[in-house]
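A.B. asks: Sequence:
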Amino acid sequence: MAFLGGGVGVYYALLLFFFFITILLTFCRGAEYEHPAQYRYPFIGPSSSFSSPPPPSSNSHLRSGDGAFDYIIVGGGTAGCPLAATLSQNYSVLLLERGGTPFANSNVSFLENFHISLADISPTSASQMFISTDGVFNSRARVLGGGTCINAGFYSRASPSDIKRLGWDAELVNESFPWIEKQIVHRPPFRSWQRAIRDSLVEVGISPFNGFTYDHLYGTKVGGTIFDRFGRRHTAAELLASANPENLRVLVHAVVQKIEFDTTGKRPRAVGVTFKDEKGKIHRAFISKRAHSEVIVSSGAIGSPQLLMLSGIGPKHELEKFNIPVVLDNEFVGKGMSDNPLNTIFVPTIKPVKMSLIETVGITKLGVYIEASCGFGQSTASIHRDHGIASAEIGQLSTIPPKQRTHEAIQAFRERKRNLPYEVFQGGFILEKIAKPLSTGHISLQNTNIEDNPSITFNYFSHPDDLARCVDGIRLVEKILRSERFTNYTQCDKETMEKLLNMSVEANVNLIPKHTNNTSSLEQFCKDTVITIWHYHGGCQVGKVVNSDYRVLGVDRLRVIDGSTFYDSPGTNPQATVMMMGRYMGVKILRERLGRAAGV
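Residue numbers for the sequence shown follow this note's numbering, so the first one is 3 and each next one is one higher.
Please keep in mind that the hints were generated in silico from the structure rather than gathered at the bench. Check each hint, because a few of them may be wrong.
Claimed, not checked - Derived DEER-like restraints, expressed as beta-carbon distance ranges:
no. : residue 1 : residue 2 : range
1   : L174      : A470      : 36 to 44 Å
2   : H465      : A599      : 42 to 50 Å
3   : P515      : S550      : 39 to 47 Å
4   : F232      : E453      : 31 to 39 Å
5   : A599      : S464      : 45 to 53 Å
6   : T459      : R193      : 36 to 44 Å
7   : S209      : G267      : 54 to 62 Å
8   : P162      : P191      : 27 to 35 Å
9   : N449      : L174      : 38 to 46 Å
Note that the coordinates shown come from a computational prediction; the quantities given were computed from them, not determined experimentally. Note that CB positions come from ideal geometry on N, CA and C, so glycine has one too.
Generate the whole structure from the sequences, applying the supplied hints.
C.D. replies: Here's what the structure looks like:
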């Protein structure tokens, strides 16, 4: 992809240089290296730069130094960054992020490195891999900007019915979305593969074609992207540019261990947090004693319920198993977890296709969304690298049993792969995602280390309606592959379709036993090939863990604002709505607090 015209060779040389530097830094644990660009804004710094103050003893409003803050936000992710930027307009904010920054990370910054971050399982990676008890590989973000740093970039708003169901003010929502879009959202290049998908969707009845739009409309559309025309990613971390720099402090590599509470009153009251810096030193940060100061948890659908439980809010019987003092017994913390099942079909193409991620989507009335990506493994060099779980080749590792996936076994696979022609990996994926799955699971603690993943269960396809919708979606994909528009890329008769299904069984990475050559059962195909599109949600749901203003039930001065509060993933892809949620709630909190101060 010629991002820089005549400078393509230089571009790729620089990209390769950054890639090897990343690898070098991964292995050279003892050496400390700081890229001059990683702290793009003056209010961002390493967590070791924080000086722990004594607890606040007065109602004074401290705006500078390391005194008490009006708001402490735990998690500088998709919701946390716009929330911090907004609240800082009038109040002091401390934003704590457990990962580093995205600004000098080439794996995050460039579209064509999308797969590398997901394949990187080192402790310094922007993504933290986990495997659900269902046997599905998954990832959670570990970087300032959160999921916007490791996702496929597609930007599409929630539907009006989603907004109504969430109980949000439609006028404020419609003010908050453009605030995001003006700063980091772009129109995709929309090349031939994506055009073929669009035309095929319309041809098989996913109509009308609604053109380029951010709105959620039935039919086929082209959505926005957070990748610009040069293939550079723009993340939620860049929304911090809109902050009041005098009121905002952002600390990276700040791993919050627990929320601190005052339990001497009738109700527990959050007073601050304890966090560990990159050197292993423990710090405490406090919120001001001024009325309405708060700790706000924005650590995502896994991190937020995990932090609440480690802080003493959750099912009493589970907390007591790990000798965690119970602050509040709430059986619903960690419950209602759901992940939108994704099934993909790999389509080998008769000619090379340029790499693209999600750009067009079919919004059906069957309860499924159809999307597509392509172009992984399109060079003789790239097939020697891992391409993440949404690629044509990393899935071949599924032929190595999990307990045998030693470094030696993986290296042997890579050596065998070197002898394969790169044309084998030429093609793309058609993705079929279940909208609003009815199957739910839960999160439970495995230990008291916040840096370890909890045990996560999604119970994919445990509800029969989800499985029925998956079958409908795969049948729709079959029609797309046989459509007239798509024959420019592949000839697809019944026999070819069965081969594609069998190939997809092998190409999807999960630990679920495979039933290759059993494609006569689409139900079995759905179960065998389920993976994730990283749209998991729940764990701190409204009405069960938080109220409609996202205040934690039974606790004062504590909120949760992120996707853990959702019952459904909004829109086709949730990042637009989660970023908007941060802005929306920031404005709402400011209006309410400023209104009280003015006596309104």
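A.B. asks: Which of the listed hints are not met by the structure?
C.D. replies: none
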